[in-house]
Structures are given as C-alpha cells and as structure tokens.
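Engineer: Sequence:
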Amino acid sequence: MNLDTRIKFRHLLCFLEIARQGSLARAADVLAISQPAISKTLKELEALLETRLFERGRQGVSLTAAGTRFLRYAGPSVHALREGVGSVRGEALQPSQVRIGVLSTVEGLLMPEVLCRLHQRHEALVISVVTGVSAQLLGQLHVGELELVVGRMTDSPRIQGLSFEHLYSESMALVVRPGHPLLARQPVERGLVGQYAQVLPPPGTTIRQHADSLFVQGGIGVAAQRLETLSLALSRRYVLGSDAVWVAPRDAVLIDLGRGELAELDLGVREPGGSVGICRNAAVPQGLAAQWVCEVLREVAGAYRLGGYP
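Here the sequence shown stands for residues 1 to 310, where the numbers follow the UniProt record's numbering.
Mixed in with the good hints, there may be bad ones.
Unchecked claim - Simulated restraints on C-beta separations:
#	residue 1	residue 2	range
1	TYR196	VAL269	17 to 23 Å
2	LYS8	VAL269	54 to 60 Å
3	ARG26	GLN209	46 to 52 Å
4	TYR196	VAL129	29 to 35 Å
5	ARG82	VAL222	25 to 31 Å
6	SER87	LYS8	17 to 23 Å
7	ALA66	SER39	30 to 36 Å
I should point out that these hints are in silico values taken from the structure, not numbers from a laboratory.
Since the structure is predicted, the reported quantities are computational estimates derived from the model, not experimental observations.
From the three backbone atoms N, C-alpha and C, an ideal C-beta is built for every residue, glycine too.
Based on the sequences and whatever the hints tell you, model everything.
Structural biologist: The following block contains the structure:
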C-alpha cells in the first residue's frame with residue numbers, strides 16, 4: 001500500500017476545514033489554532049502529497065484539481081474513522097443516527113411526512129436535519145459531515161463527484177394572498193406583475209435560476225422592490241401581510257394553496273421544473289439509517305408523483 005504514514009489525522013482535519021471555509025483564517029478560528037499553525041500543517045500535507053491542494057487568492061483559497069480529488073477520500077476517511085472509534089467505545093449501542101441536508105424545496109412538504117414515517121417504524125433513530133443553500137450542503141456532503149442531501153441541486157457545480165437519484169420534478173409558482181388585486185383577472189395581465197414587490201430566492205442559488213426561467217417564459221420583469229430569501233416562513237408571512245408576489249417552489253406552497261390560505265396566479269405558461277432528488281457521496285459506504293431514509297424518501301416521493309400525497 002502506497003500510503004505515507006507521516007500523514008496524520010490533524011493533517012486531514014486541517015485540510016477539510018480549509019476546504020469547508022475557503023479561508024485559512026476562518027478554518028484556524030474553527031479549529032481553535034493560530035493561522036501560522038494551520039498554514040504550517042497545510043504545507044506539511046502538501047509536501048507529503050507532493051502537490052498543491054489549494055490556490056491562494058484575494059478572496060481566500062480554492063481547491064486545485066488535485067485538492068478536489070483528495071477531498072473525495074479525505075472526508076469519508078475521517079467520517080469512517082470517527083464511526084470506528086465510536087463503535088469500540090460502545091457508542092454503537094446508542095440509537096442509530098443519520099445527518100441529512102435538506103433544501104427549501106422539500107423542507108415543508110416532503111420531509112415532515114418522511115420523518116413521521118421513519119419514527120413510526122424505528123424506535124431508536126436520531127435524525128439530524130441541516131438546512132441551507134445547495135453549495136453549503138453539498139460541501140458538507142463532500143467532506144463526510146452529511147450522509148445525504150435532499151432537494152433540487154442538479155444545476156450546482158458542487159454536485160460534481162457526487163451521485164444523484166431523481167425522485168420527481170417540481171415547478172415554480174407565482175402566489176399571492178387571497179383577495180390580491182391581480183386575482184381579479186385570470187390568466188393574469190403579465191405586465192402588471194412587475195408593479196408589485198416580489199419575493200425571490202437569492203441570486204446565485206439553484207432555485208433562483210428556475211425563478212428567472214419562469215419570468216422569462218412569462219415575459220415578466222423583475223421588480224425594483226424585492227425580498228430575496230430562502231426562508232419559507234418569512235416569505236409566507238410577508239406575502240400574507242402585503243401585496244407582494246412570491247415566486248415559490250410548488251412544494252413549498254401546495255398545502256397552503258389547497259387550504260385557500262394562498263392563491264396562485266395563472267400565467268398561462270408553466271416553468272418545466274427542476275429535478276428533486278437524493279444526492280450522496282458514492283465514495284462513502286451508506287449507513288443503515290441513511291438507507292432507511294432513502295427508502296422512505298422514495299416511498300413518499302412515489303405517492304406524491306401519483307397524487308396520493310399530500
């Protein structure tokens with residue numbers, strides 16, 4: 001085996017934190033060591049591997065091609081070692097645990113039902129759910145901090161090197177409060193939509209690309225007054241208390257639409273939708289709890305596709 005025994009656990013932890021933070025200074029803060037110390041540790045690792053792992057720039061550091069390849073194995077190795085240490089310390093007797101990342105596209109509709117079914121079937125199961133943007137969650141998946149990421153993320157460049165399993169397609173919808181002036185005429189007069197404040201996903205996110213696509217197809221301009229957020233709770237409360245138009249993932253508002261708590265604007269066209277699915281690091285052996293999550297995700301997604309849920 002061509003493995004340099006001089007590579008230590010601290011080298012891997014240092015490398016992973018720098019990759020996660022994109023900055024030596026921030027990584028040093030997280031690891032509670034000095035910046036010169038983390039810089040020295042990185043130089044040692046690069047010398048042992050005989051290659052540069054990061055490119056330095058004004059905005060921080062970014063992985064080189066070699067660093068990207070090494071990341072695929074370093075994260076899973078650290079994760080596996082931690083699990084192994086836990087098993088010999090008796091932690092294997094504790095409840096099964098799984099850490100998953102969830103994007104806003106599935107947070108409000110799919111995941112509550114998935115979690116309920118999992119806990120009905122498994123008495124001792126701890127599910128840690130992390131929310132955030134796709135780049136952040138996929139970065140954590142790369143380094144082994146998450147076992148799965150669920151949502152719409154196929155347009156993210158961070159998905160390279162990961163496997164993706166399609167569950168269903170989801171389109172975007174324009175929704176407003178009941179009684180909104182634009183509801184007086186359906187299909188809506190598209191030229192009027194831009195006159196109202198808009199709620200949009202932040203620029204640079206995968207879901208914003210689909211929101212922009214819907215605007216292009218509908219011939220709608222982006223309003224000068226906008227709230228840009230991924231928070232579903234904030235978006236919903238803001239729209240209910242104003243005349244704003246929310247460009248929302250259909251999953252996020254489906255139940256509200258069914259209850260009449262929100263209303264959809266009919267544009268006469270529909271954005272084709274993005275692929276919602278499960279992303280995982282194929283280099284990491286899938287734990288039993290993660291397998292349970294995938295099974296129930298497929299089950300609930302299948303019911304959703306066929307109209308059996310919600």
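Engineer: Now tell me if each hint is right for this structure.
Structural biologist: Here is what the structure says about each hint:
For TYR196 and VAL269, the hinted distance range of 17 to 23 Å is satisfied, since their beta carbons lie about 19 Å from each other. The supplied range of 54 to 60 Å is met by LYS8 and VAL269, whose beta-carbon atoms lie about 58 Å from each other. Our hint of 46 to 52 Å for ARG26 and GLN209 is violated, since their Cβ atoms are close to 28 Å apart. With their beta carbons about 33 Å apart, TYR196 and VAL129 fall inside the hinted range of 29 to 35 Å.
A hinted range of 25 to 31 Å for the beta carbons of ARG82 and VAL222 is inconsistent with their spacing of about 46 Å. Our hint of 17 to 23 Å for SER87 and LYS8 holds, since their Cβ atoms are close to 22 Å apart. At roughly 18 Å, the beta carbons of ALA66 and SER39 sit outside the given window of 30 to 36 Å.
Hints 3, 5, 7, counting from the list given before, are not met by this structure.
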